[in-house]
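**Student:** Here are the chains, one letter per residue:
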Amino acid sequence: MAFLEVRNLHVEVEDKNILNGLTLSVEKGQVVAIMGPNGSGKSTLAYVLAGKDDYKVTEGDVLLNGESALEMAPDERAARGVFLAFQYPVEVPGVATMTFLRTALNAQRKTRGEPEVTTPEFMKLVRDTASHLGISQEMLRRAVNVGFSGGEKKRNEILQMAVLQPQLAVLDETDSGLDIDALKIVADGVNRLRSPARAIVVITHYQRLLNYIVPDAVHVLAKGRVVKSGGKELALELEAKGYSQFQDEAA
Amino acid sequence: MNADVRAMKTPAEQALSAAFAAARGKLPGKGAVTALRDDAFRRFDASGLPHRRIEEWKYTDLRALMREAKPLAEPAKATGVVPALPGVEASRIAVVNGRFEPSWSNFNTSDSGITLTELFAFAAEPTNYRLGDVPGKDDTAFWLNTAFMTGGVALRVKKSASNHKPVHIAHLFAGDAAAAMYPRCVVIVEPGAQLTLIESFDGPGVLDYQINSALELIIGNGARVNHIKVGNDGGAALRLSTLGVTVGANATYNDFAFTTGGAVVRNQAFVRFDGEGTVAAIGGATLVRGRRHVDNTLVIEHAAGGCTSRERFRAVLDGQSHSIFQGKIIVNPHAQKTDAKMASHALLLSDEAEAVNKPELEIFADDVQCGHGATAGALDSALKFYLMSRGIPEKQAEALLIQAFVGEAIEEIAHEGVREAIMQAAVSWLDARG
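Same order as they appear, the protein sequences are chains A and B. Just so we're aligned, residue 1 is where the first sequence starts under our numbering, counting upward by one. Just so we're aligned, residue 1001 is where the second sequence starts under our numbering, counting upward by one.
No wet-lab data here; the hints were simulated from the structure. We treat Cβ as the ideally placed atom computed from N, Cα and C, and that holds for glycine. It is possible that some hints are incorrect.
[To be verified] DMTMM-like cross-link-like pairs, simulated, lysine to aspartate or glutamate; straight-line CA separation at most 25 Å: (1) A:K110 - A:E76; (2) A:K52 - B:D1380; (3) B:K1026 - B:E1055; (4) B:K1341 - B:D1367; (5) B:K1058 - B:E1394; (6) B:K1384 - A:E233; (7) A:K110 - A:E71; (8) B:K1384 - A:E114; (9) B:K1009 - B:D1061; (10) A:K56 - B:D1176; (11) B:K1395 - A:E116; (12) B:K1395 - A:E76; (13) A:K28 - A:E71; (14) B:K1384 - A:D53; (15) A:K153 - B:E1398; (16) A:K223 - A:E237; (17) A:K153 - B:E1394; (18) A:K153 - B:E1408; (19) A:K52 - B:E1394; (20) B:K1030 - B:D1133; (21) B:K1395 - A:D15; (22) B:K1384 - A:D181; (23) A:K56 - B:E1398; (24) B:K1158 - B:E1125.
[As the list claims (entries may be wrong)] Just some of the chain B residues that point at chain A, by a computed CB distance under 8 Å: (25) A1035; (26) L1036; (27) W1104; (28) V1368; (29) C1370; (30) L1379; (31) L1383; (32) S1389; (33) G1391; (34) Q1396.
Produce the entire structure from the sequences given, and follow the hints as far as they go.
**Tutor:** Below, the structure is given as structure tokens:
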């Protein structure tokens, strides 16, 4: 059974239909890329999976490990293994990154009935991951994302993902605003998290990121549903031909 | 006909007049003190309790909020202990039911650099100090305090003082029926001396006692002073606290007012910078719920140039509570190179809570940097979603964000132990929110 099953999902935002019968399934061990033009519903899908308010599901369902997630609060979904790497990570003044990570990890463990992480265990986990991602100790002491550059914020998202060890990671345009060096660091961070125990959904406009994070499957989204699916070569085709063909098909 | 005839006296005003007439001959202090009391009460009697048409008291209408005047508190019957700040080792001066109680105190008097005197003994000493001659002396609440002064202490800290342990003036109401008290304290920090002064206010939760306190704080040239006021009054109490401060040249002055208790609280600070080169941070944090009303009013006068002042206040409001911030910065004509910035932020956790921010700048010098900012709003839903998306449950996410908000004000407290105790008190307040 697929870990994530999106069935005929219809979603409205402020009385506007954004997703129109989206169906998608992602299995553990898989990396699935979702591509599509602006306004095709990619970010809406990401937010709906994470459980953001203001998104009204009018039809269809989202199943996590066979259970409907639509009634679950964002924190419950996180405890069940969902992680969203934000396109625009927010700044959280006054909350140190280390405190934030630890609070989140322990909250998830508590919900799952697991014991709290020990301090040495936690410190080692964060330090090791941070060093791979080029995140300094000084950044870890600072408030979450406050004063971070765009690239630092994206790396911080990957750090959180590595610490929280989700079963489903959704990366919403994690490549946007990254230069090529930062892109490689972020892609390496994601690749290290590829695992038979984890499903990864990579949402992106461009094929470039997929040179570094090679997907098992590619789905093209247009007008709120999947209009074409294929292997990694589909991304190359899109890069060459653009999205206009699908926008016409969907219309 | 007298055109100045004012409205009929309220029951509280009548009770205050009767109380003063009855107590006048019995209140402590002689000669000059009696004259001070008479003059202060005459001024109070001419104006009455301040109300909403008095600009300085517009948002804390005492005529409406103080329906009656309680009888003067009797001295504490037994001895006991006053509440301490957890984890802070301090020399404690107990002011119980408005009077200095040596037996409740644990004040270390072996340091010849620090002298502690009972208020009226101090007033009787031949010194140059003129009691009550501080900024704020024209305020109605201060007049009432002067008229009824029930007791207090005078503390003098010399440069030679070797003991730098914080001094804690702990105000406590320990009576078993509601009463009124009017403690007055004088703290003189001599040139080059340093002091961390904690002032706390506690009392039983069920009694609608009234405390009108005043502190005269004289900071000498080059002195370093931290003053932290912890308002932890019972939920039915009415507290009016006046702080009158003069600051000399090249001093460092940090002031912080932390308020969680009381039904109606007004912290009013009147600060005057008399010498150049002083750096001051005056701030506060208010955490209120229920129908509590907390007013922080500030009048900062830059009488000398070249001083830096930062005023930063934060309030967290739940239920139907009210928080008022009034901050006025006055820069006198010769106070060039003044650098004064004021910010007041309120976080509203409920639709029925109300925050008022009233910043004012009166600048008469032309070469200054002054500014103010004020905000009031709910918790940021995008921030909350971000935290929840990481697995943090809603209440905990809110608590973390509220703690971060108020923590940015509490971080200004220079004394580490006190800062931690206050942060812990804020966390306890949040925990009680459930």
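**Student:** Does each hint hold? Answer for all of them.
**Tutor:** Hints versus structure:
1. A:K110 - A:E76: holds, 11 Å
2. A:K52 - B:D1380: holds, 13 Å
3. B:K1026 - B:E1055: Judged against 25 Å, a Cα distance of about 35 Å means the pair is violated.
4. B:K1341 - B:D1367: holds, 15 Å
5. B:K1058 - B:E1394: violated, 37 Å
6. B:K1384 - A:E233: violated, 39 Å
7. A:K110 - A:E71: The hint holds at about 20 Å.
8. B:K1384 - A:E114: Measuring from Cα to Cα gives roughly 24 Å; hence the hint holds.
9. B:K1009 - B:D1061: Given pair K1009 of chain B, D1061 of chain B holds - Cα atoms ~15 Å apart, limit 25 Å.
10. A:K56 - B:D1176: violated, 57 Å
11. B:K1395 - A:E116: holds, 19 Å
12. B:K1395 - A:E76: holds, 13 Å
13. A:K28 - A:E71: holds, 23 Å
14. B:K1384 - A:D53: Measuring from Cα to Cα gives roughly 11 Å; hence the hint holds.
15. A:K153 - B:E1398: holds, 22 Å
16. A:K223 - A:E237: Holds. K223 of chain A to E237 of chain A sits at ~19 Å (cutoff 25 Å).
17. A:K153 - B:E1394: Roughly 23 Å between the alpha carbons, so the hint for K153 of chain A and E1394 of chain B holds.
18. A:K153 - B:E1408: holds, 22 Å
19. A:K52 - B:E1394: Holds - the C-alpha atoms of E1394 of chain B and K52 of chain A are around 13 Å apart, at most 25 Å.
20. B:K1030 - B:D1133: holds, 18 Å
21. B:K1395 - A:D15: Given pair K1395 of chain B, D15 of chain A is violated - Cα atoms ~29 Å apart, limit 25 Å.
22. B:K1384 - A:D181: violated, 31 Å
23. A:K56 - B:E1398: Distance of about 24 Å is within 25 Å: holds.
24. B:K1158 - B:E1125: holds, 18 Å
25. A1035: violated, 51 Å
26. L1036: violated, 46 Å
27. W1104: Violated, because the Cβ-Cβ distance from W1104 of chain B to chain A comes to roughly 38 Å (cut-off 8 Å).
28. V1368: With Cβ-Cβ at 29 Å, over 8 Å, it is violated.
29. C1370: Nearest chain A Cβ about 25 Å off; hint violated.
30. L1379: Nearest chain A Cβ about 12 Å off; hint violated.
31. L1383: holds, 6 Å
32. S1389: holds, 5 Å
33. G1391: holds, 4 Å
34. Q1396: holds, 6 Å
In terms of the numbered hints stated before, the structure departs from hints 3, 5, 6, 10, 21, 22, 25, 26, 27, 28, 29 and 30, listed from lowest to highest.
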